[in-house]
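Trainee: Sequence order for the protein chains is X and H.
All residue numbers for the first sequence refer to the numbering used here, where the first residue is 1 and numbers rise by one.
All residue numbers for the second sequence refer to the numbering used here, where the first residue is 1 and numbers rise by one.
In short, the hints are calculated from the structure, not lab data.
Worth double-checking, as some hints may not be accurate.
[To be verified] No more than 35 Å apart at the CA atoms, straight line, and that leaves these computed lysine-lysine pairs for DSBU-like: (1) K196/X <-> K26/H; (2) K99/X <-> K26/H; (3) K186/X <-> K171/X; (4) K125/X <-> K95/X.
Spelled out, the chains give:
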Amino acid sequence: MNCPNCRERNEEIKVCKNCGINIPIFLRSLKISARFYNRALIKSRSFEFYEAITLLENSIKFDKKNINARNLLGLLYFEVGLVGDALKQWILSQKMNKKDNLATFYLEKAQSEASYLQVQDNAIKVYNKAIFHIQDGDLIAGIEYLHEAINLNPKFIEALNLLSLIYIQKKENASEYIGKVLSLDKTNKTALLYEKYMRPHIRKELNNRQVPKPKPHQTIEKNNVSKLPAQQFSKQTSRRIISFTHIISFLIGGAAVSAMFYLMIIPGLLEDRDLTLESLNLRYIQMQQAANDDIIAKSQTIEELTILTENLQQSLDVQRAHIEIQENLTTLQNAVDYNAAGNHNAAAELLFSLDFDRLPSHMLQTAENLRSTTFAFATMSFYNSGLNYFESSRYNEARNAFEQSLQFSVDGQVHRGNIIYFLGRIFEIFGQYEQAIQSFELVLREHPNSSMINETHIALQRVTSEMANSLLDSLVG
Amino acid sequence: MALDFKLELKKYQPILELEDVESSLKNDDIQDIIDLLEQLTKKD
Numbered sequence: 001m002n003c004p005n006c007r008e009r010n011e012e013i014k015v016c017k018n019c020g021i022n023i024p025i026f027l028r029s030l031k032i033s034a035r036f037y038n039r040a041l042i043k044s045r046s047f048e049f050y051e052a053i054t055l056l057e058n059s060i061k062f063d064k065k066n067i068n069a070r071n072l073l074g075l076l077y078f079e080v081g082l083v084g085d086a087l088k089q090w091i092l093s094q095k096m097n098k099k100d101n102l103a104t105f106y107l108e109k110a111q112s113e114a115s116y117l118q119v120q121d122n123a124i125k126v127y128n129k130a131i132f133h134i135q136d137g138d139l140i141a142g143i144e145y146l147h148e149a150i151n152l153n154p155k156f157i158e159a160l161n162l163l164s165l166i167y168i169q170k171k172e173n174a175s176e177y178i179g180k181v182l183s184l185d186k187t188n189k190t191a192l193l194y195e196k197y198m199r200p201h202i203r204k205e206l207n208n209r210q211v212p213k214p215k216p217h218q219t220i221e222k223n224n225v226s227k228l229p230a231q232q233f234s235k236q237t238s239r240r241i242i243s244f245t246h247i248i249s250f251l252i253g254g255a256a257v258s259a260m261f262y263l264m265i266i267p268g269l270l271e272d273r274d275l276t277l278e279s280l281n282l283r284y285i286q287m288q289q290a291a292n293d294d295i296i297a298k299s300q301t302i303e304e305l306t307i308l309t310e311n312l313q314q315s316l317d318v319q320r321a322h323i324e325i326q327e328n329l330t331t332l333q334n335a336v337d338y339n340a341a342g343n344h345n346a347a348a349e350l351l352f353s354l355d356f357d358r359l360p361s362h363m364l365q366t367a368e369n370l371r372s373t374t375f376a377f378a379t380m381s382f383y384n385s386g387l388n389y390f391e392s393s394r395y396n397e398a399r400n401a402f403e404q405s406l407q408f409s410v411d412g413q414v415h416r417g418n419i420i421y422f423l424g425r426i427f428e429i430f431g432q433y434e435q436a437i438q439s440f441e442l443v444l445r446e447h448p449n450s451s452m453i454n455e456t457h458i459a460l461q462r463v464t465s466e467m468a469n470s471l472l473d474s475l476v477g
Numbered sequence: 001m002a003l004d005f006k007l008e009l010k011k012y013q014p015i016l017e018l019e020d021v022e023s024s025l026k027n028d029d030i031q032d033i034i035d036l037l038e039q040l041t042k043k044d
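With these hints in hand, go ahead and build the complete structure from the sequences.
Mentor: Given below as structure tokens:
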């Protein structure tokens with residue numbers, strides 16, 4: 001169904017999801033507003049203006065967007081001289097609905113009769129001055145202003161009623177003005193109240209007057225109050241007695257409607273409010289519970305994922321270790337193959353890069369034995385190459401070979417001291433005296449059993465002397 | 001039946017003049033019973 005307020009499609013039958021109104025209450029309000037309007041329409045057709053005005057004011061209290069009620073209200077205000085209020089209602093009506101709205105016609109009509117409007121507004125200004133003076137205690141000035149207002153607008157019911165009140169207060173005859181009001185608005189409550197107060201006085205006056213017989217061809221104009229004879233006036237009085245019953249009926253009806261309103265709508269509203277509160281509380285609790293459950297579920301998921309991650313990591317580590325072992329075994333196998341083929345240098349290089357910690361324990365001894373063998377071979381092989389290069393004055397190749405030999409040599413090995421000596425000699429030839437001295441001193445300190453120990457002493461002295469001479473030369477310049 | 005003049009006089013209030021219509025429209029917060037109910041619900 002579509003929401004009666006915002007016209008949006010709604011599956012809810014109680015509260016609109018779009019505008020949030022309570023749909024049953026809203027529909028009920030619309031009905032009440034329409035009922036007030038319909039009754040006002042009847043009243044206004046019967047010239048019961050102020051009653052119609054009251055009904056229409058109630059109608060828009062229940063539905064401010066009741067355009068027909070606002071338009072009619074404006075019309076009635078205009079009729080009784082309240083032009084400002086009339087324009088206000090039409091303007092509001094036009095704002096709420098610009099299309100096909102009678103209010104537009106009324107406003108245009110009012111604007112086209114600007115002079116008439118101005119006269120009505122002047123009457124209101126004068127009336128407001130009268131109120132000011134009367135409330136200040138100056139009844140004489142008030143009466144003058146009220147007469148002026150009535151002259152400007154003979155249908156000015158408010159002014160006529162106030163004037164009646166002033167005359168009653170001054171104990172003067174207000175019948176004329178009360179009669180004028182009731183001729184314009186036959187059930188005007190204020191006028192009826194004053195009329196009731198004045199009745200003893202009117203009866204007295206009627207009794208004192210001689211009622212002339214109407215002439216055969218005389219026609220009486222109903223709405224021209226000032227020309228009415230006393231007889232007509234008494235007929236009006238009797239009519240008013242009958243309409244008094246109507247007033248009582250209306251008051252009872254009004255009281256019944258109000259009682260209905262309080263009995264039907266207010267408890268419902270309160271009940272709805274309580275239900276709303278209850279349902280909101282329940283919903284809050286449910287949402288809180290759902291949130292807690294969600295947190296617990298997510299915490300569990302996090303825990304499970306953490307355990308899974310740890311397991312995966314462990315598995316990965318194991319896999320990695322396994323791969324490394326495999327790689328090492330492959331390296332070892334290759335080294336074994338090289339050694340078997342007599343290529344000790346290649347086998348030694350492979351074994352040099354081998355990570356013995358990643359080998360299975362049962363392979364360690366094999367690997368160690370192989371390493372000892374191949375390293376010994378490699379040391380000698382590279383040492384001999386180094387010697388050959390050194391004697392051929394190919395010092396760079398000699399140094400590489402000696403360095404590789406040193407790499408594979410182990411402490412305590414016989415040729416280690418020789419290797420270091422020859423490296424020292426190459427440093428000396430290249431003029432790197434400090435490195436040369438360090439090498440020779442190392443041989444003397446750690447390899448005293450080297451076969452090149454004597455050469456090392458001589459070389460050390462020579463290099464030291466060379467270095468001193470070089471230093472002196474540099475100082476002398 | 002007595003008529004209380006002062007009480008009756010209080011029922012008469014100044015009427016809206018044409019020049020005040022615009023300001024009256026601006027200042028008026030037009031509400032009906034639905035608006036009042038919404039306010040009541042919001043307060044709760």
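Trainee: None of the hints should be skipped; say for each whether it holds.
Mentor: Here is how each hint holds up against the structure:
Taken as a hint, the K196/X and K26/H pair is broken in the structure, with Cα atoms around 41 Å apart against an allowance of 35 Å. Our distance criterion of 35 Å between C-alpha atoms is met by K99/X and K26/H, whose separation comes to about 22 Å. For a cut-off of 35 Å, the pair hint linking K186/X to K171/X stands: about 24 Å separates their Cα positions. The straight-line distance between the Cα atoms of K125/X and K95/X is roughly 27 Å, inside the 35 Å bound, and the hint therefore holds.
Hint check: a violation occurs at hint 1 only; the rest are consistent with the structure.
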